[in-house]
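S.K.: Under full-length UniProt numbering, the residue at position 67 of the sequence shown is numbered 67, and the numbers go up by one with no gaps.
Where hints are given, some of them may not hold.
To be verified - Derived Cβ-Cβ restraints for the label pairs, each shown as a range: (1) 230 with 68: 52 to 58 Å; (2) 212 with 161: 57 to 63 Å; (3) 293 with 316: 18 to 24 Å.
To be verified - The calculated lysine-lysine pairs, modelled on DSS-like cross-linking and capped at a C-alpha distance of 27 Å, are: (4) 175 with 116; (5) 116 with 91; (6) 12 with 116; (7) 116 with 88; (8) 356 with 76; (9) 76 with 12; (10) 329 with 91.
These are calculated hints, taken from the structure and not from any lab test. Quick reminder that beta carbons are idealized off the backbone N, C-alpha and C, glycines included.
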Amino acid sequence: MHIIFCTSSSTKSGGSRQALYLAQEFIRRGHTLTFFTPADSTLRSLDASITWADLPERPRHWRAAIEAAFPSAAGKPVPAVFHAFHNKAVKKAAWWGLLWRSRGVVCVAHRGVVYKPGNPLPYWSPGIGAFAVNSQACARVLSRCGVGSARLHVVYNGIPDARTVPHTPATEMRKQLHIPDSRFIFGTVAGNNPVKGADILLRAFAAARLPNTSLVMVGVSPAQWGDLAAELGVENDVRMIEHTEHVADYLNIMDAFVLPSRSESMPNTLLEAIRMGLPSVAADVGGVGELLADCGILVPPDSPEAMAQAMAEMRGSATAREHWAANSKARAPLFSISNRAESMESIYRNLFAARKLLPE
Numbered sequence: 001m002h003i004i005f006c007t008s009s010s011t012k013s014g015g016s017r018q019a020l021y022l023a024q025e026f027i028r029r030g031h032t033l034t035f036f037t038p039a040d041s042t043l044r045s046l047d048a049s050i051t052w053a054d055l056p057e058r059p060r061h062w063r064a065a066i067e068a069a070f071p072s073a074a075g076k077p078v079p080a081v082f083h084a085f086h087n088k089a090v091k092k093a094a095w096w097g098l099l100w101r102s103r104g105v106v107c108v109a110h111r112g113v114v115y116k117p118g119n120p121l122p123y124w125s126p127g128i129g130a131f132a133v134n135s136q137a138c139a140r141v142l143s144r145c146g147v148g149s150a151r152l153h154v155v156y157n158g159i160p161d162a163r164t165v166p167h168t169p170a171t172e173m174r175k176q177l178h179i180p181d182s183r184f185i186f187g188t189v190a191g192n193n194p195v196k197g198a199d200i201l202l203r204a205f206a207a208a209r210l211p212n213t214s215l216v217m218v219g220v221s222p223a224q225w226g227d228l229a230a231e232l233g234v235e236n237d238v239r240m241i242e243h244t245e246h247v248a249d250y251l252n253i254m255d256a257f258v259l260p261s262r263s264e265s266m267p268n269t270l271l272e273a274i275r276m277g278l279p280s281v282a283a284d285v286g287g288v289g290e291l292l293a294d295c296g297i298l299v300p301p302d303s304p305e306a307m308a309q310a311m312a313e314m315r316g317s318a319t320a321r322e323h324w325a326a327n328s329k330a331r332a333p334l335f336s337i338s339n340r341a342e343s344m345e346s347i348y349r350n351l352f353a354a355r356k357l358l359p360e
């Protein structure tokens, strides 16, 4: 198939990474793919082998740039997929898709957030043949906005196998962090945005008062959160690591994962923890409940007290942790990038079939 991806985001956000992982898997499967991003996108630094294309600075020039990438043979259009990621690109696809029908292009839009769209009109447009949403929670939001069930497809995020392979032995990682082998480790992979809940986790960890236990926070800045850790009296038991691409090295030393977010749809970090076979404590937001299932403990969002109690429960029962860890390992294949790609291929093919198009 000929596939064109387009994101209006310039960052390496979770949604952008999911688009990249999917693009990499499609290319591995033999599809022809071009990926449009803003020229300054930091996503490109993660894989120079992708065929990247620039979105012009002025949005009114986007359509012409994308149309120039449409495939053709003997001067005739060849059926293709246009898959839009992030809000601005999705809005454009809603109307471009109407114009592109005669060119054999089917349009798909990704939605990975659980808040209501400010403008529902693009979501009503028949120019988009399918919405690929990453959780049932996200699907419910669009359904309430008037998107019909026939166009809604829940396709869970996927994590490439390489993201779950540690590069450094666990014993060496503990040495680097000055954490003895005997200490229990709770961990998270988050960020500095308040929505990720670093403050909630620090307060929960302090309130739990767990003996012989450390907290490892990956993607969290000591400059931003160190003072709070000191104020709570846990600075000696907390390790904060700035952003890293070697997340698996840190997940590999964790005994349990914690997701303290105030809002999520289908968090990549929790998916990575499940794929690593970890039991988890997670705030019950967005699609987290459907993701976690029986792999840990759900707690009300924005509640350090409830999170502290759950962390104490997790820490106190090796039997329960083993049960949840086993369930994580059993669920892990559901969230492979291969599984995600197969689901998306099926959506693309069904759209082509409905239009009686024959993709190459």
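S.K.: If you draw a straight line from the CA of residue 116 to the CA of residue 88, is it 27 Å or shorter?
M.R.: holds (15 Å)
S.K.: Between residue 12 and residue 116, is the straight-line Cα distance small enough, at 27 Å or below?
M.R.: holds (23 Å)
S.K.: At the C-beta level, are residue 230 and residue 68 separated by a distance inside 52 to 58 Å?
M.R.: Since residue 230 and residue 68 have Cβ atoms about 56 Å apart, the given range 52 to 58 Å holds.
S.K.: Holds or violated: residue 175 and residue 116, Cα atoms, limit 27 Å.
M.R.: Violated, because 46 Å separates the two Cα atoms, which is more than 27 Å.
S.K.: Holds or violated: residue 356 and residue 76, Cα atoms, limit 27 Å.
M.R.: holds (16 Å)
S.K.: Regarding the pair residue 116 and residue 91, is the alpha-carbon distance no greater than 27 Å?
M.R.: holds (14 Å)
S.K.: Take a look at whether the Cβ-Cβ distance between residue 293 and residue 316 falls inside 18 to 24 Å.
M.R.: holds (22 Å)
S.K.: CB of residue 212 to CB of residue 161, is that within 57 to 63 Å?
M.R.: violated (33 Å)
S.K.: Would you check the hint for residue 76 and residue 12, treating anything up to 27 Å between C-alpha atoms as holding?
M.R.: With a Cα-Cα distance of about 36 Å, the restraint between residue 76 and residue 12 is violated, given a limit of 27 Å.
S.K.: Run the distance test for residue 329 versus residue 91: straight-line Cα separation, threshold 27 Å.
M.R.: violated (38 Å)
Checked against the numbered hints given earlier, the structure breaks hints 2, 4, 9 and 10 and satisfies all the rest.
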